[in-house]
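J.: Chains as they are written, first to last, in the numbering used here: chain A, 30 to 311; chain B, 11 to 380; chain C, 8 to 449.
Honestly, the hints are just simulated from the structure, not real lab data. Here a beta-carbon is modelled for each residue, glycine too, at the ideal position from N, C-alpha and C. Check each hint, because a few of them may be wrong.
If you want the ones that stay clear, here's a sample from chain B, every Cβ over 12 angstroms from chain A, calculated [said to hold, decoys possible]:
no., residue
1, 45
2, 69
3, 117
4, 128
Below are the SDA-like pairs computed for lysine to any residue, each with C-alpha atoms no more than 20 angstroms apart in a straight line [stated by the list, open to error]:
no., chain 1, residue 1, chain 2, residue 2
5, C, 118, B, 69
6, C, 118, B, 64
7, C, 395, C, 164
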Amino acid sequence: MDQFLNLTLNGVASGAVYSALGLSLVIIYRATRVVNFAQPAFALVSAYLAYSINQATGGYWLGFAVALLAGAVMGVLTERLLVRPVRHNELGAIIVTLGLLIVLQAVAGMVWSNEPHSFPYAFDFRGDFSPNSMFVVAAVAVTAIAVLVLFKATPLGLRMRAAAFHADAARMSGVRVGLMLTLGWGIASAVGSLAGMLAVPPFIFPNVLDGVFVYALTAAVIGGLDNPLGTIIGGFVLGVGLSYVSGYLGPELVTLASLAILVIVLAVRPNGLFGKALARSV
Amino acid sequence: MSAETSETTAAPADAPPARRAAHRPAPRRNLPPVVVHLGWALVAFALLVGLTMITDPFTNLRIATIGYYLIAIAGLALLTGLNGQVSLGHGAFMFIGAYTVALLVLHLPGLPFWADLLLATVAGGLAGLLAGAAAARLHGPYLAGATLALAVGLPAITQRYPDFLGGSNGVSFSVNSQPAGLVGVVPATRWEAWVVWATALLAMVILVNMSRGRLGRSLRAVRDDEVAASLAGIHVGRTKILAFIVSSACAGLAGGLQAFLLGTAAPGSFTVALSLSLLAALVLGGLGSLWGAFWAAIAFVYFQAWAEDAADAVDLPVNVENNLPLALYGTVLILVILLFPAGIHGGITRLRAALKTSRQGRSGRSEGES
Amino acid sequence: MRIHRGARIWAVAVAGALVLSACSGAGEAPSGGSGNQPADSAPGVTDNSVVLGSHQPLTGPAAPGYSKISVAAQAMYTYINDNGGVNGRKIEYKVEDDAYNPTKTVEVVKKLVLEEQVFAIVGGLGTPTHSKVLDYLNQEGVPDLLVSSGALMWDQPQKYPMTFGYQVDYLREGKIMGKYVKDNFAGKKVGLFFQGDDVGRDTQAGLDQFIKDQVVTRQPYDPANTDVTPQMLALKSAGAEVVVCACIPSFMALTLLTSAKIAFKPQFVSSSIGADPATLTALLQDFAKRSGATVAPEQLLAGFVGAGYLPRVALTDDAWVKFFKEIHDKYIPTEAFTDTLIFGMAQAYTVGQILKAAGRDLTRRKVVETLETTELKGPALVPFAYSKESHSGYIGAYLVRNNGNGTSTVVQQPMVTDRESGEVKAAGGDRVNPDQTGLLDK
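With the rest of the complex left out, here is chain A (with noise of 0.2 angstroms):
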C-alpha cells in the first residue's frame, strides 16, 4: 500500500527530530533531574545563527557547525550560572528554565523579527525518501550510537554517570562532579541544536520548535526519562504512530493522539515503557 508507506516513511523521518531532541532532555534529565525546559529555545538560537551566517556566506555545513557549537555553549553558560543555584528546587528549575525559553524565544523575534525565513535542508528533500530524510535518520542514529557508547564505555561516560548517580560518592573517587555535570549540558544542548537544524525546515520563526518540543518531551516520557535508548525508541514510535493518525484518521487528531499514546504507556508503566523507577528512601 502506497500511501502506508509514504506515511511510515513520514513518520520515521519526523519520528527521529523528537528522538534526537528528546535524548538531549534525557541526558540533561539524568545528570542533573532537571527537565530542561529551555531546550527548544537553545535550538532556536542555534538554528538562527546557522542562518544568519547562511545569508552572509552561501554555505551551509558552516552554520550547521556554528549552531552545535552555540547549543553546547548556551547548555554550558545555563548550566553554571542558572541551574546550579537552584538544583535542588525541582519546581524552581522548571521555572527558572520556562524563564530562560521566554526570554530566548523574545530575543530571537527581536533580531531576527517574528516573519518567517526560509531555511534550506541539508540535502535534496524530494522523493518519498529523500536524500534529506535520509540524512536525518542516519545524524539521529550516528549521535545516539555516539552518545550511548560516551555513556556506557568510555572512561569519561563512566565519571560522568557516577555524578549523577552518586555526587558524594563521586566526588569522594576524585569525579570533579561540577565539571560533570556542564559536561553533560553542554553535549546535551549539542545533540538539541543538532534535532533543531533537522527540525527547522523549511521556516524558520521564533515559536517553529513549540510543538517539536512537546512531542520530544513525549518521547522522552514514553520511553523512560532516564533511560536514552528507551527514549529514541519512543521517538520513533511516536513520529511513525503520529503519521498514520495523520493520514488515516485526520490532521487535527495528531496531538490528541499523542495524549492519548501518553496516557496508555504510563497507565501500563508509570516510569515509561524502559524506565526504572527509583526507589524511594524512607
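Please arrange chains B and C on chain A, whose structure you already have, making use of the hints.
T.: The following block gives chains B and C in isolation, referenced to the frame of chain A:
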C-alpha cells in the same frame, strides 16, 4: 463540594465544647474558622465593591480578571504547592469550564447563571477525577510531561467537532446575569467584577478551610513523604486524586468566569503558554500558601499590563517593541527564582518574622503552613 | 459539632443560591436596555487629531505573514499626516498585539475603547479573534471598520450596524475561482486543500456552485500541524489535476514544497490570502541551494494562479503601485515591498478616504452613515459593496498566473458576484489615480 468540607473543618479534640458553644453564647470561645473566614470574605467583598466604584471601567475589567485567575491559581496552589504534584496542564481544565458555560448559555438558556458556573465547576472536577486517576501513579517529570500533553491535546477537540464546539473560532454568547432591577444602574464591567469576586471569595473560603483541615494535612503529608503518609493511615492514591479534583474544579470555575467576562470561549485562548504562566505566576507569588495565589493573580495581570505600557512608552524599533513584554516577563521569572525562591509571599513572611524577632527565638518561620 | 459546621456551610450556600436565583436565565435576552452610547458622540476626536485603534497578531505562531500590515498602515498614516492630515486632523494609529489569542483580543479591544478612547477600530484582524469583539463594539457604538478577514459574519447590518468588512469574502472568492476552473479546466479532476475552519467551509460553498462534480477529494489542514504530507499524498493518489487552495501563506509555501517533494505537479489555484508571490518567494528561496534548479522559487511558482483584488507589486506601471512604492521608500525602506504591504497601505488609505468623506464635523454615527452612502473609489480593481443593506467589503477578484520567469499574466479579469447563487460577471466601473481621490485636499 460542600459535602467534603463538612468533614474537614473540625479538629476532633474540640468536638464536645464546640457543641455546647453552639447552644449557649460563650464569650471566651472562638467562632468556628469557617464563620470567621466568611466574615473576612464579606469585608473583602465590601472593600472590593468600594474599589470598583472609584475606578474606571477598564480597571474594573482588570480587577475582574485578577479575580478569576485567583481561583485558578489557588487551585493550582493546592495541587502543586500543598500536594506536590506538578501540573503543566491547568489551562485544559479552564478550557473545559469555559466551554461548559458557553454551551450551557447557548443550548439551555433558561438556566440561571450561577447554575452554569456550578456545572462548570463540576465539569472541571470530573475532568480532574479522570486526570487524577490517570496521574496517580506518576510523579515528577512524568506527571509534568503528561499534563503538558493534556494542555496541548485537549483544545484540539474543538477541531474534531467543529459544528458543536465552533472549531477554531470557538463560540460567542452574551450572558444575562444581572437581576432586572440593576440593569442600567450598575455598569456592566462593575457588575461583572462583583460577580467574579463574590464567586472567587466564596471559593477561597472553601479552599482555605480545606487546606487548614484534615484534607490539607493529608495533602501535605503525601507531598512530603508518600511512604510515611501511607504508614500513618492516609490513602495516598485517593488523596492525590482528591487534590486533582479540587484543583481542576477551581480551574473549571475560573474558565467559566473567564467565558462570562469575555462572552466567548475559543481554543486559541487556552494555549500551553497559559498553563505554564499559571504555574510560573504561582511560583512567583509563593508556593507554600494560598496567599501566594493572591499575589500571583495580581502579578499575572498587572505585570503583563505594565510590561506592555513600558514597551509603548519608549520609542523602539518595531521588532524590539513587540517582543519586549515577553522578554521582560522571562527575565523577571528567572530573577525571582534565583533571588527570592519563596516568592512574594515568602518575602512578606520573612519580613513579618524579622519584625517579630524580639518575640520569636527562631530565625525564621517555616513556609509550609498556609 | 461536625453536623453543625456542615449545616452552617449548607445554609450559606443555599442562601447564596437563593440570592443568585433572583437572576433570570443566563442565555435569555436581558430585560433592560444595554448600555448604548449615543452615536453622535466622538471620543478620540480633537480639533487636530483623531485616534484609531486596531488589534493584530504581532507576535506568536500566527504572526508570520501578518505582522507587517500594521507597519505598512502606519507608514500610510504618517504620509497623510505629513501632508496635512484629513480635514485638518492628524491620524493617531494605535495597534495592539493580540498574538491571535481571542482572550487577548477582547482585552486589548476593551483597553483601546475604554482606556485609549479610540474613535473607531480599523482593520481588526482574524476571524476567531475579531468575532469575539463584535457584540462589544456594536453595543458600545464603536465603528468597527474594514475588518481584515474574509468571513461572512461582518456583513450583518441589522445585527452589527457598526461593523464593515474589507477583504473579499471567502464565499465570493470561491465562486470566482470556481468559475475560472470550470471555464478553463472543464472535465479535469479537482482536489481541494483548505484551512479546516470557516475559511475552508465558505470557500467550498462558493466553489461547489461551479465545480462540485469535478471535485475528487477534499483535504483540510489544521494550522497547528505543519506536516501537510498526508494531505498532499491523498491529493496525488486521487489523481487531482487541479488543486484549489484556501490557505495562509506559510501553508501555501508548504504545499508547494511538499508537492515538489512527492513529485506532484497539479495546477494550483489559490485564494488571495495565500497568493502573495513576494511572500511565497521569500519563504521558498533557500531550497534551491541544496536541491537543484528545479526547486528554485521561480520554478515552484511557475503556473501558479492566485486571486487578488488590489494592485500587485509586479504592476510597476500602475499609478497606485508607484504611489505605494514612494511611501515605502520614504518611510519604511528596510521592509520588503510585498503585496501584504500594499494591503496594509491600501486599507489605511481607505480609512483616510472614509474620514475625509465624513467631513470636518466628525461623529461616530456620521462615519457609519458616510460609509453606507458614499461610493469609495480607490486602489482596488473591484468595488466595495457598502450600502444600508450590505456591509460587505470588496465584492470581487481577478486571477493572475505567475509565468515562472518573473512575469505574470492576468487569466481572469476582475469579476464581481454576490453571496448567494447569483452569477459571476465582469466588474464594471473605472479606476481613479491617487491624485484624483481628493484625499489630501484641504
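J.: Taking the hints in turn, state whether each one holds.
T.: Hints, one by one, checked against the model:
no.	hint	result
1	45	holds (35 angstroms)
2	69	holds (27 angstroms)
3	117	holds (23 angstroms)
4	128	holds (28 angstroms)
5	C:118 x B:69	holds (9 angstroms)
6	C:118 x B:64	holds (18 angstroms)
7	C:395 x C:164	holds (7 angstroms)
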